[in-house]
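**Student:** Top to bottom, those sequences are chains A and B.
Counting in our numbering, the first sequence runs from 1 upward without gaps.
Counting in our numbering, the second sequence runs from 1 upward without gaps.
Hints are computed from structural coordinates only; laboratory data are not their basis.
Hints may be right or wrong, so weigh each one.
[Stated by the list, open to error] For lysine-lysine, the following DSSO-like pairs were computed, each having C-alpha atoms within a straight-line distance of at most 27 Å:
1) B:LYS143 <-> B:LYS183
2) B:LYS384 <-> A:LYS375
3) B:LYS387 <-> A:LYS386
4) A:LYS159 <-> B:LYS308
5) A:LYS235 <-> B:LYS36
6) A:LYS384 <-> B:LYS159
Protein chains: 2
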Amino acid sequence: MKQIIIVIVLFLLTLPSFSQNDSVFVRKIYDEALEKGQAHENLRYLCKNIGARITASAEAEMAVRWGFELLKSYAFDSVYLQETKVPHWERGTTEAAWISNSSNQYLKLNVLALGGSVATNGLIEAEVVVVQTIDELKTKSAKEIKDKIVFINQAFDQKFINTFSSYGHCYPIRANGASEASKLGAKAVIIRSLSTPTDHFAHTGVLNYDETIKKIPAAAISTKDADALINWYAKEKIKFSLEMDCKTYPEAISYNVIGEMKGTKDNKIITFGGHLDSWDVGEGAHDDGAGIVHSIEALRILKQLNYKPNHTLRCVLFMNEENGNFGGNTYAQLAKQKKEQHIAAIESDRGGFLPIGFDVRGTDEQLKLVQQYQKLLFDYDLLKFKKGYSGVDISPLMDEYPEMIQIGIAINSQQYFNYHHSHADVFETVNKRELELGTAAMATIVYLLDKTLE
Amino acid sequence: MKQIIIVIVLFLLTLPSFSQNDSVFVRKIYDEALEKGQAHENLRYLCKNIGARITASAEAEMAVRWGFELLKSYAFDSVYLQETKVPHWERGTTEAAWISNSSNQYLKLNVLALGGSVATNGLIEAEVVVVQTIDELKTKSAKEIKDKIVFINQAFDQKFINTFSSYGHCYPIRANGASEASKLGAKAVIIRSLSTPTDHFAHTGVLNYDETIKKIPAAAISTKDADALINWYAKEKIKFSLEMDCKTYPEAISYNVIGEMKGTKDNKIITFGGHLDSWDVGEGAHDDGAGIVHSIEALRILKQLNYKPNHTLRCVLFMNEENGNFGGNTYAQLAKQKKEQHIAAIESDRGGFLPIGFDVRGTDEQLKLVQQYQKLLFDYDLLKFKKGYSGVDISPLMDEYPEMIQIGIAINSQQYFNYHHSHADVFETVNKRELELGTAAMATIVYLLDKTLE
Chain A
1 MKQIIIVIVL FLLTLPSFSQ NDSVFVRKIY DEALEKGQAH ENLRYLCKNI
51 GARITASAEA EMAVRWGFEL LKSYAFDSVY LQETKVPHWE RGTTEAAWIS
101 NSSNQYLKLN VLALGGSVAT NGLIEAEVVV VQTIDELKTK SAKEIKDKIV
151 FINQAFDQKF INTFSSYGHC YPIRANGASE ASKLGAKAVI IRSLSTPTDH
201 FAHTGVLNYD ETIKKIPAAA ISTKDADALI NWYAKEKIKF SLEMDCKTYP
251 EAISYNVIGE MKGTKDNKII TFGGHLDSWD VGEGAHDDGA GIVHSIEALR
301 ILKQLNYKPN HTLRCVLFMN EENGNFGGNT YAQLAKQKKE QHIAAIESDR
351 GGFLPIGFDV RGTDEQLKLV QQYQKLLFDY DLLKFKKGYS GVDISPLMDE
401 YPEMIQIGIA INSQQYFNYH HSHADVFETV NKRELELGTA AMATIVYLLD
451 KTLE
Chain B
1 MKQIIIVIVL FLLTLPSFSQ NDSVFVRKIY DEALEKGQAH ENLRYLCKNI
51 GARITASAEA EMAVRWGFEL LKSYAFDSVY LQETKVPHWE RGTTEAAWIS
101 NSSNQYLKLN VLALGGSVAT NGLIEAEVVV VQTIDELKTK SAKEIKDKIV
151 FINQAFDQKF INTFSSYGHC YPIRANGASE ASKLGAKAVI IRSLSTPTDH
201 FAHTGVLNYD ETIKKIPAAA ISTKDADALI NWYAKEKIKF SLEMDCKTYP
251 EAISYNVIGE MKGTKDNKII TFGGHLDSWD VGEGAHDDGA GIVHSIEALR
301 ILKQLNYKPN HTLRCVLFMN EENGNFGGNT YAQLAKQKKE QHIAAIESDR
351 GGFLPIGFDV RGTDEQLKLV QQYQKLLFDY DLLKFKKGYS GVDISPLMDE
401 YPEMIQIGIA INSQQYFNYH HSHADVFETV NKRELELGTA AMATIVYLLD
451 KTLE
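Make a model of the complete structure from these sequences and hints.
**Tutor:** Structure (structure tokens):
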């Protein structure tokens with residue numbers, strides 16, 4: 001008898017926690033995504049018929065209407081807009097930069113104002129001071145920096161396997177470079193683009209002004225131009241010339257776009273989404289058109305397969321991740337106000353590349369809960385289950401619901417920062433099958449969480 | 001005492017089988033590959049200064065000399081050529097195909113003769129008969145096929161997660177389509193390209209004539225053209241027109257190119273490599289320039305890190321994988337003749353995309369031996385360890401040494417058949433970091449096997 005019990009216990013210990021039905025259903029999700037997927041055509045529409053869609057632009061408004069009509073066309077249980085205030089910054093029509101030397105040689109640079117930057121108010125020119133990092137900038141005296149244009153040259157550390165780590169290390173030069181340089185009296189700050197390769201694309205992105213310090217113009221130049229500048233600077237003093245007429249306008253009104261399948265068991269909510277806004281260059285294909293079509297397609301596939309969820313499955317196209325996260329904040333505040341019960345949130349905001357697993361933001365137990373799917377998903381190349389960050393849009397929701405589980409779709413990161421926030425982020429760089437595998441990964445994790453979570 | 005023993009046994013059972021030193025060394029491999037890697041520049045040279053290099057072409061001869069000089073430049077213990085006979089087939093200068101209908105409308109097609117095809121001897125024209133698969137072709141009568149041109153339209157099954165499975169299922173139409181159609185008296189056979197996307201590229205590749213049956217011309221048209229042909233064919237009878245002057249010449253002499261680091265403990269050999277030849281279109285970037293630079297770079301990195309191998313580490317640039325595997329066969333025969341001791345072989349022939357793990361061709365115990373590295377390699381995104389195929393070049397070696405372990409580097413397969421055997425397989429489609437991660441994966445598995453195997 002004891003032996004039998006031991007055998008039974010061992011058997012139970014080795015039993016996969018998913019059922020044969022789950023395995024069959026996941027296969028159906030992948031078949032639908034790979035054979036009849038609409039993600040690629042939806043992304044083509046968003047990129048080519050709408051394009052770049054910075055918050056408060058006409059294109060962002062078009063994207064809201066497109067998302068709303070597309071969700072309605074799938075006849076989900078409920079499709080609606082959620083109003084949110086949003087910031088309004090525009091690049092303007094003038095943006096130019098060059099360097100020159102004592103021999104009156106000139107080099108025009110590929111430049112993009114950082115998002116939120118103030119204008120130069122005409123052409124400004126000053127001697128360049130180069131620093132490698134924010135920390136080096138902080139060691140400088142006001143005498144060294146005053147009336148100069150500071151160039152911060154910190155490059156991606158190529159040793160990180162995950163390029164988001166390289167990005168994280170460089171992030172402070174974009175976020176804080178302007179205020180740190182301004183403290184020392186600089187005229188403007190220029191940064192090396194936060195980008196993996198050495199090429200001609202400048203990469204924009206939000207900066208955070210310290211409101212107590214004078215705001216100075218800030219821009220990024222391409223990595224190739226950064227190398228050229230460093231070469232010139234090594235030989236002699238150089239002058240930087242910059243003109244930008246970007247401008248911040250009063251806050252505007254925009255919307256999160258939401259589609260739902262109602263829960264059959266309760267009103268608890270599983271949120272999943274990406275962000276509908278993008279920067280104002282390129283087409284926002286990987287950032288985050290991919291996450292948008294991943295999410296819409298996940299809900300479409302589950303409906304198409306006639307799945308009846310236990311909990312409410314809510315697909316959210318968040319507005320304004322890039323420069324303020326107003327949409328994500330509004331979503332969390334309204335959830336709390338309405339006393340909604342949120343049990344899980346999943347975000348896709350790492351591009352349309354090959355999905356490789358799931359990053360779990362939560363407790364050890366929540367990680368283990370997700371790891372039990374690992375064996376089921378091995379054949380789908382979803383292989384990396386670990387603790388990690390979930391996403392900016394759903395982060396405020398976790399502040400309101402600290403008990404919830406949050407998941408970020410983990411995606412091959414190697415090429416993301418080739419395109420991110422630049423003119424290079426266009427539809428053609430997204431592979432159809434990799435995008436479709438992303439939609440299937442999203443649908444699968446939503447399905448498995450709905451089945452698993454109480 | 002008993003308790004202590006149990007604790008010790010449990011401790012030993014949970015000990016990772018790799019050491020802290022291994023962990024440090026693997027990190028050094030990745031640092032070298034990602035920060036000071038030469039794979040990308042080597043691939044650029046091979047693709048841009050040499051280009052497509054079909055066996056017995058002037059470019060294949062240049063590639064042999066390039067590989068030999070590059071290996072010598074790294075001052076390995078031994079660098080040498082291994083003579084092998086090779087087949088010699090040339091595409092010629094005329095290659096054209098179109099379809100036409102009763103209204104004298106014409107559609108020119110993107111076409112490539114299959115490797116080894118006979119010529120048409122001038123323009124040939126015939127009515128088209130469409131079949132979907134080889135099996136359907138076999139159900140046809142000679143009356144239906146005689147003097148017709150057969151078009152086999154089998155498309156990739158998009159449901160397979162790994163595209164090599166889709167390729168495997170379609171492979172018979174390319175390999176055997178001509179002989180099966182000839183049995184029934186067809187004038188020629190045309191196939192839908194073995195390719196994942198629907199686009200304008202035709203994809204070539206070897207065919208296998210049944211020597212007992214009359215050889216008829218065989219070619220592939222692009223997937224877009226295949227769809228167009230099917231549309232025309234649905235409406236009325238159509239005529240196919242084809243002219244190709246490809247030709248097979250007498251066998252020639254070429255070389256495998258070999259570089260070695262000698263073992264400090266014994267003369268047992270770990271072989272690793274890819275193939276130096278390519279098809280005669282594109283630049284052979286993913287197939288298999290990537291495997292070539294993965295392998296050369298793996299040996300360079302291990303030498304650069306001053307590693308003293310236990311066994312002999314032998315990097316082999318195989319000649320003629322694409323149409324005959326003469327180089328792989330020669331290598332295995334000479335190994336046996338010389339009574340070499342071969343304990344392991346690793347191949348990279350799945351492109352320069354993101355490596356995701358290792359396919360082990362061997363016993364359960366050999367799979368387990370490799371799986372013990374899994375924890376060590378988790379942070380490097382090498383996640384999928386399973387049984388699978390190793391590679392064509394090293395396959396004859398396994399026939400001679402059935403006890404050996406063979407490994408294929410498993411690589412994200414989603415985009416491989418967008419480029420494979422077509423004009424699209426060019427340097428620009430290879431991402432630098434993904435290529436470098438492939439070199440690190442190769443160096444790492446060679447290192448770990450050298451440390452582990454007796």
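**Student:** Against each hint, give a clear statement of whether it holds in the structure.
**Tutor:** Here is how each hint holds up against the structure:
no.: 1; hint: B:LYS143 <-> B:LYS183; result: holds, 11 Å
no.: 2; hint: B:LYS384 <-> A:LYS375; result: holds, 11 Å
no.: 3; hint: B:LYS387 <-> A:LYS386; result: holds, 24 Å
no.: 4; hint: A:LYS159 <-> B:LYS308; result: holds, 24 Å
no.: 5; hint: A:LYS235 <-> B:LYS36; result: holds, 26 Å
no.: 6; hint: A:LYS384 <-> B:LYS159; result: holds, 22 Å
Hint compliance for this structure: every hint is met.
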